[in-house]
Structure formats: C-alpha cells, structure tokens
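**Q** Going line by line, the protein sequences match chains E and S.
Numbered by the working numbering, the letters in the first sequence go through residues 46 to 364 in order.
Numbered by the working numbering, the letters in the second sequence go through residues 46 to 364 in order.
Read the hints as simulated data drawn from the structure, not as lab findings.
Note that beta-carbon positions come from the ideal geometry of N, C-alpha and C, so glycine has one too.
Among the clues, some could well be false.
Said to hold, decoys possible - Some chain S residues judged to face chain E by a derived CB distance under 8 angstroms, without partners named:
| id | residue |
| --- | --- |
| 1 | ASN68 |
| 2 | ALA129 |
| 3 | MET132 |
| 4 | TYR147 |
| 5 | ASP181 |
| 6 | PRO184 |
| 7 | VAL188 |
| 8 | TRP337 |
Stated by the list, open to error - With a Cα cut of at most 25 angstroms, we get these calculated BS3-like pairs of lysine-lysine:
| id | chain 1 | residue 1 | chain 2 | residue 2 |
| --- | --- | --- | --- | --- |
| 9 | E | LYS319 | S | LYS319 |
| 10 | E | LYS140 | S | LYS130 |
| 11 | E | LYS319 | S | LYS212 |
| 12 | E | LYS130 | S | LYS140 |
| 13 | S | LYS110 | E | LYS110 |
| 14 | S | LYS237 | E | LYS111 |
| 15 | S | LYS242 | E | LYS160 |
| 16 | S | LYS212 | E | LYS316 |
| 17 | S | LYS237 | S | LYS308 |
| 18 | E | LYS110 | S | LYS140 |
| 19 | S | LYS160 | E | LYS130 |
| 20 | S | LYS244 | S | LYS160 |
| 21 | E | LYS212 | S | LYS236 |
| 22 | E | LYS319 | S | LYS308 |
| 23 | E | LYS130 | S | LYS212 |
| 24 | S | LYS319 | E | LYS160 |
| 25 | S | LYS237 | E | LYS212 |
| 26 | E | LYS140 | S | LYS212 |
| 27 | S | LYS244 | E | LYS130 |
| 28 | S | LYS319 | E | LYS110 |
| 29 | S | LYS130 | S | LYS47 |
| 30 | S | LYS308 | E | LYS212 |
Number of protein chains: 2
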Amino acid sequence: MKCFVTGGAGFIGSTMVDKLLENSNNQVTVFDNFCSGQEEFIKHHFSDKRFNLIKGDLLNAEIVKKSMVGHDLVFHFAANPDIAKAMTQTDIDLKLGVDATYNLLEAMRLSGVNKIVFSSGSGVYGNVGLVETAEDFGPLIPVSMYGACKLAAESIISAFCHMFDMKSWIFRFANVVGTRQTHGVGFDFIKKLRADKSKLFILGDGKQSKSYIHVSDVLGAIDFAINNTNSTVNIFNAATDDYISVREIADIVIDVMGLKSVKYEYSGGDKGWKGDIPVVRFNLNKIHKLGWRAKLSSHEAIRQSITEMLSLKLTKKQT
Amino acid sequence: MKCFVTGGAGFIGSTMVDKLLENSNNQVTVFDNFCSGQEEFIKHHFSDKRFNLIKGDLLNAEIVKKSMVGHDLVFHFAANPDIAKAMTQTDIDLKLGVDATYNLLEAMRLSGVNKIVFSSGSGVYGNVGLVETAEDFGPLIPVSMYGACKLAAESIISAFCHMFDMKSWIFRFANVVGTRQTHGVGFDFIKKLRADKSKLFILGDGKQSKSYIHVSDVLGAIDFAINNTNSTVNIFNAATDDYISVREIADIVIDVMGLKSVKYEYSGGDKGWKGDIPVVRFNLNKIHKLGWRAKLSSHEAIRQSITEMLSLKLTKKQT
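With the hints as extra help, turn the sequences into a complete structure.
**A** Pasting the structure below:
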C-alpha cells in the first residue's frame with residue numbers, strides 16, 4: 046500500500062512511518078514542513094527505497110496536489126502543536142488545521158485517493174467537566190480554536206467523503222505521549238527540572254485530570270479500526286480507561302528522574318490557559334465493543350513516556 | 046444600538062435591516078460584496094442618516110477590521126447562496142463560510158465588539174432522515190461542504206466566545222422563504238414556469254420534505270432569542286411545526302400562478318444533487334419552551350412567499 050503521511054516527521058507521524066515500513070508491502074511518502082517535525086525522527090529510513098520524503102507545506106495547494114498522485118491511503122497527522130498560541134495568533138489553527146486539511150482533501154479528490162485517517166482530539170467536545178463524552182455527544186461547543194478547528198476539519202472530511210465517495214477514520218485521541226513527543230506536560234516538566242531541580246512551576250492548580258495514551262496504543266487503535274470498520278465516516282474516541290492529574294504526572298517525573306525535595310509552585314486557577322479544558326472524560330464503549338482497548342493505562346503511559354524521553358539522546362529542538 | 050449586518054443587501058439581511066431601522070434608536074451598517082446582494086433591497090434607506098453602506102468583501106480582512114470599529118452587535122448573514130456549487134468549486138463554502146466568519150470574528154475581537162448573531166442551518170446535522178434533531182443531536186456528520194462549513198463557522202464562533210469573552214446566538218434555520226429570496230425551490234419553479242407554462246422539471250422525485258420558514262418568522266425568532274437568552278453560546282433550531290414536499294410546493298406555485306395542466310417531469314432519485322438532504326426534521330422543544338413559535342406554517346410560508354415573489358417588481362438578477 047502507498048501511504049501518504051502528513052506530519053510524517055513529527056511525533057505521532059514518524060512513529061506511524063516506522064510501523065508502516067515494518068510491512069514490506071508498504072511504501073511511505075512523508076509530507077512535512079519541518080515546522081515541528083524533525084529529520085532525526087525519520088533519517089533511519091532515508092536509504093529505504095520504499096521511503097519518500099517531501100519537504101512541503103500543506104498550505105501550498107499545488108505541491109500537495111502534485112505529491113498526492115498515486116497513493117492509496119492518507120494519514121493526516123500534521124497540526125499546530127501549540128494549542129495556546131491561538132490566544133495571540135488567532136488564525137493558526139484555522140490555517141494549519143482547516144485550510145491544510147482542505148488542501149489535502151482536494152488533492153485526494155483530484156488524484157482519486159479515497160481513504161483518509163485523521164487525528165482529531167477531545168477538544169471537539171468543549172469543556173463538559175466530568176461528562177463521559179461518547180462519539181455522538183452533543184452539543185459540541187469548542188472552547189478553543191484548537192478544538193474548533195479539529196471539529197471543522199472533521200466536518201469537511203465528512204463532507205468530502207459523502208460528496209466524492211471517500212472513506213475516513215477519525216480518531217478523537219486523548220493526550221498522546223511517547224518517546225518523540227515535542228510538547229505536553231511531561232515534556233515541559235522534564236525541561237523545567239533539568240533547568241532547576243529545586244522547584245517545579247505548574248500551570249493551574251495541578252488538579253487538571255485527563256487521559257494520556259501512549260503512541261503505541263494510538264497506532265494500535267488506528268490499525269484495529271481501519272481493519273474492522275468500513276463506514277463512510279468512522280469516528281472513534283481512543284483513550285485509556287483511567288485518568289491522571291497534572292500533580293500526579295509531576296510526581297512521576299520527579300520519581301523517574303530520581304529527584305527529591307522539589308517544591309511545587311502553582312500559577313493557580315483550574316486551567317492552564319483560557320482555552321484549556323481542565324477535566325476530560327471519554328466514553329470508550331464504541332471502540333471497546335469493537336474489540337480494542339489501550340494496553341497501557343494513563344499512569345503507565347506517562348511513566349513509560351517519561352522514561353523514554355529521559356533515555357533519548359535529545360535533539361536541539363527538544364532541549 | 047449600532048448594528049453591523051453582513052450580507053445586509055441580501056434576502057434575509059436586508060429584511061433584518063428594514064426591521065432594525067424601524068427602531069429610531071438603531072443605527073445600521075450594511076457590509077455586502079453584492080455578490081448575491083442587491084442595491085434594490087436597501088436603496089430606500091440611502092437617505093437615512095442612521096444607515097451606512099460598505100461595499101466590501103469579508104475575505105478582505107483589512108476592510109472588515111476598519112469597518113467594524115464602534116459597533117455593538119453583529120448580524121452575520123453573508124454566505125454562499127448556491128450550496129450545490131461546491132461539487133465543482135469545492136472551496137466556495139470554506140472561503141465564504143469559514144474564512145469570512147473568521148475575519149469577522151477577528152475584527153470583532155480587535156474592536157471589542159462582543160455580540161454576534163449567526164445564521165446557520167440544518168445542514169450541520171447531516172442526512173439523518175426522519176430523526177427530529179435537537180440542538181444537542183450527535184454525531185454531526187455533514188454530507189455537504191455547505192453543512193460542514195456552517196458547522197465549522199459555529200465552532201470558531203464558539204471558540205472566540207470562550208477565548209475572548211464574546212456572546213453568540215446561533216440559529217439553525219429551516220429553509221427561509223420570502224419576498225426577496227434569490228434562490229430556493231419556489232423561486233426556481235416560478236422562473237421555470239414563466240419560461241414554459243406547459244411543464245415543470247423537478248429535481249429528484251419531488252418527495253423531498255422539509256420545513257420552510259418565512260423570513261418574518263426568522264426575524265421574530267432572532268429578536269425573541271437575543272432578548273431572552275444570555276449564555277456564552279446560544280444555539281437554537283428555528284423552523285415551522287410542519288413540513289412540505291417539493292411536489293406540494295409545485296402544486297402551490299401552479300395554483301397561485303393560476304396555471305392548469307402543467308406536466309411534472311422528474312430527474313429521479315431521492316435527492317436533488319449529491320450533497321442534498323431529502324428529508325429534514327427539527328426538534329423545536331428548546332425554542333418552543335422558551336416561548337417562541339413560528340406564526341406561519343410551511344404551507345402558509347410557501348404560499349405567502351410565492352404570492353410575494355409574483356407581486357414583486359422583479360429586478361434584473363431575479364428574472
């Protein structure tokens with residue numbers, strides 16, 4: 046299968062590329078603008094004839110159209126990784142999330158590529174506290190441009206699928222963690238504690254509580270769903286069964302780093318920033334009933350990702 | 046109150062402008078690119094000092110920003126009126142629906158204008174047959190770019206409201222009919238029958254069945270909701286209690302035009318075009334409980350709008 050992976054040099058995308066190339070029948074095109082993607086994550090494939098790298102921007106419609114020809118399946122992971130940035134640069138998610146997705150879909154339509162896997166997120170559900178949102182939850186009232194543009198991207202994918210006979214698998218993932226993550230709370234804590242081992246500044250009150258899924262489980266969920274569902278639009282929550290608080294994550298980071306007597310300081314309030322959602326709860330019945338379940342809990346995923354990040358020889362962008 | 050009306054020279058927008066200027070305390074800025082708007086609909090206000098016309102395009106962010114300063118409330122009616130066009134021009138709703146809405150919101154943010162009324166539609170619900178969709182219906186699986194981009198616009202309005210302390214009233218209207226409509230099934234039938242009184246070509250099988258709301262009821266619903274609700278994001282279905290089929294609309298048009306022995310010809314299939322939704326059913330409990338109900342039924346609204354359109358001295362664009 047010829048796979049086209051947007052954001053293929055990024056955290057989740059590059060991990061997917063590794064997995065795809067384990068299968069000798071697959072060919073992979075990585076399409077990445079290296080805005081947050083890193084050559085480091087994919088360079089071990091450079092000598093593989095089945096691997097093709099295109100340094101391009103999804104906002105450049107012509108390059109996307111030209112690059113798309115001849116593929117079978119698109120994995121769309123490219124996105125703005127800094128979700129708080131929209132407070133000052135209000136169109137960043139619109140460009141990187143919506144316009145980019147449209148260019149991709151239009152290129153697919155013109156080339157007759159009719160299958161897309163999209164990485165959405167819990168942001169589409171808005172801030173609904175302890176409500177366990179299923180895929181058919183409503184009303185959808187996003188509170189950030191990040192969430193709004195994930196929902197907008199899902200919507201235009203759905204429209205293209207119905208208007209132009211495509212199929213899509215849309216995943217509303219929990220926070221994804223793993224070796225190559227380039228942002229996120231665990232990543233930030235390591236960075237802060239490396240700079241100052243005596244204290245840790247925590248955004249909010251530390252009680253924010255969400256599901257954290259390991260990237261290995263993300264790949265597993267995608268693989269499972271695309272092989273077991275075949276609707277025009279297939280939407281799935283994919284998360285762990287448990288939740289973990291920011292304070293607990295701090296404790297794990299400190300434990301894995303072997304630190305002691307670290308003083309916690311809090312910015313206060315229940316949110317990290319205005320569009321932040323302090324509590325996220327998923328209803329996972331749909332994907333569980335289908336037969337998939339995350340192998341690692343949130344606690345295990347966090348501990349493993351912290352261990353992985355600490356053992357990784359850090360590249361310039363991560364330090 | 047200083048009101049900013051996008052699409053203010055269009056069908057619904059210009060009717061809203063008439064109503065707003067009946068109140069001597071109101072001032073109105075019409076912002077329209079005259080793509081489908083008509084000077085004919087607003088020229089009776091040109092001598093009114095409380096009326097201001099800006100011929101501008103919402104895709105020109107700088108003009109929108111400059112024009113927005115000093116207003117209190119935005120009515121956002123501008124949209125692509127030709128929803129089938131996206132089959133060939135796939136980005137038309139993205140530009141006119143999403144990018145335009147973003148430019149408007151950004152101008153509001155920069156000028157401190159914090160209230161917006163948005164005209165959305167049943168397209169956000171996708172094709173769910175006889176299911177009576179309430180405002181919290183899910184999952185939302187739009188089948189056209191029109192519907193997808195209405196949902197996308199709702200989403201970014203919601204994000205801006207939460208991130209930048211705005212308030213919004215979002216209306217998912219049934220098909221709107223009235224004197225100044227410039228598209229729609231009744232409008233098309235009049236046009237076709239004026240050209241040939243012997244036969245009428247009907248898209249689909251004529252059994253498509255939806256709610257048609259008169260523009261007077263649209264204005265009533267908006268006025269009622271903005272005076273009786275005050276949440277950050279207020280979403281309402283607004284439709285009639287009844288439904289009418291395309292065949293029944295044809296019968297009414299022929300009756301009002303005084304024609305006889307018109308032969309119906311059908312393109313066949315249950316849809317007018319690929320992104321069309323043949324059956325739309327609203328759950329109206331939310332707005333009914335609040336105290337609003339459409340004064341005219343779908344049958345009455347269609348008959349009245351046909352009568353109004355026939356009595357109107359037609360402008361060039363309508364004939």
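**Q** Taking the hints in turn, state whether each one holds.
**A** Against the structure, the hints:
1. ASN68: violated (31 angstroms)
2. ALA129: violated (10 angstroms)
3. MET132: OK, holds: MET132 of chain S within 8 angstroms of chain E, min 6 angstroms.
4. TYR147: OK, holds: TYR147 of chain S within 8 angstroms of chain E, min 6 angstroms.
5. ASP181: holds (4 angstroms)
6. PRO184: holds (4 angstroms)
7. VAL188: Since chain E brings a Cβ to about 4 angstroms from VAL188 of chain S, closer than 8 angstroms, the hint holds.
8. TRP337: Violated, about 19 angstroms.
9. E:LYS319 / S:LYS319: violated (40 angstroms)
10. E:LYS140 / S:LYS130: Since the Cα atoms of LYS140 of chain E and LYS130 of chain S sit roughly 23 angstroms apart, the hinted pair holds (cutoff 25 angstroms).
11. E:LYS319 / S:LYS212: Holds. LYS319 of chain E to LYS212 of chain S sits at ~16 angstroms (cutoff 25 angstroms).
12. E:LYS130 / S:LYS140: holds (23 angstroms)
13. S:LYS110 / E:LYS110: Outside the cut-off at roughly 33 angstroms; violated.
14. S:LYS237 / E:LYS111: Distance ~43 angstroms between LYS237 of chain S and LYS111 of chain E Cα, so the pair is violated.
15. S:LYS242 / E:LYS160: violated (47 angstroms)
16. S:LYS212 / E:LYS316: holds (21 angstroms)
17. S:LYS237 / S:LYS308: Within the cut-off at roughly 12 angstroms; holds.
18. E:LYS110 / S:LYS140: Since the Cα atoms of LYS110 of chain E and LYS140 of chain S sit roughly 19 angstroms apart, the hinted pair holds (cutoff 25 angstroms).
19. S:LYS160 / E:LYS130: Status holds; Cα separation ~23 angstroms.
20. S:LYS244 / S:LYS160: violated (48 angstroms)
21. E:LYS212 / S:LYS236: Violated, at about 38 angstroms.
22. E:LYS319 / S:LYS308: Between LYS319 of chain E and LYS308 of chain S the Cα gap is close to 61 angstroms, so the pair fails against 25 angstroms, i.e. violated.
23. E:LYS130 / S:LYS212: OK: LYS130 of chain E and LYS212 of chain S at ~22 angstroms, within 25 angstroms.
24. S:LYS319 / E:LYS160: Between LYS319 of chain S and LYS160 of chain E the Cα gap is close to 19 angstroms, so the pair holds against 25 angstroms.
25. S:LYS237 / E:LYS212: violated (38 angstroms)
26. E:LYS140 / S:LYS212: holds (24 angstroms)
27. S:LYS244 / E:LYS130: Violated, at roughly 59 angstroms.
28. S:LYS319 / E:LYS110: Holds. LYS319 of chain S to LYS110 of chain E sits at ~24 angstroms (cutoff 25 angstroms).
29. S:LYS130 / S:LYS47: Given pair LYS130 of chain S, LYS47 of chain S is violated - Cα atoms ~34 angstroms apart, limit 25 angstroms.
30. S:LYS308 / E:LYS212: Violated - the C-alpha atoms of LYS212 of chain E and LYS308 of chain S are around 40 angstroms apart, more than 25 angstroms.
Violation of the numbered hints given earlier is confined to hints 1, 2, 8, 9, 13, 14, 15, 20, 21, 22, 25, 27, 29, 30; the remaining hints are satisfied by the structure.
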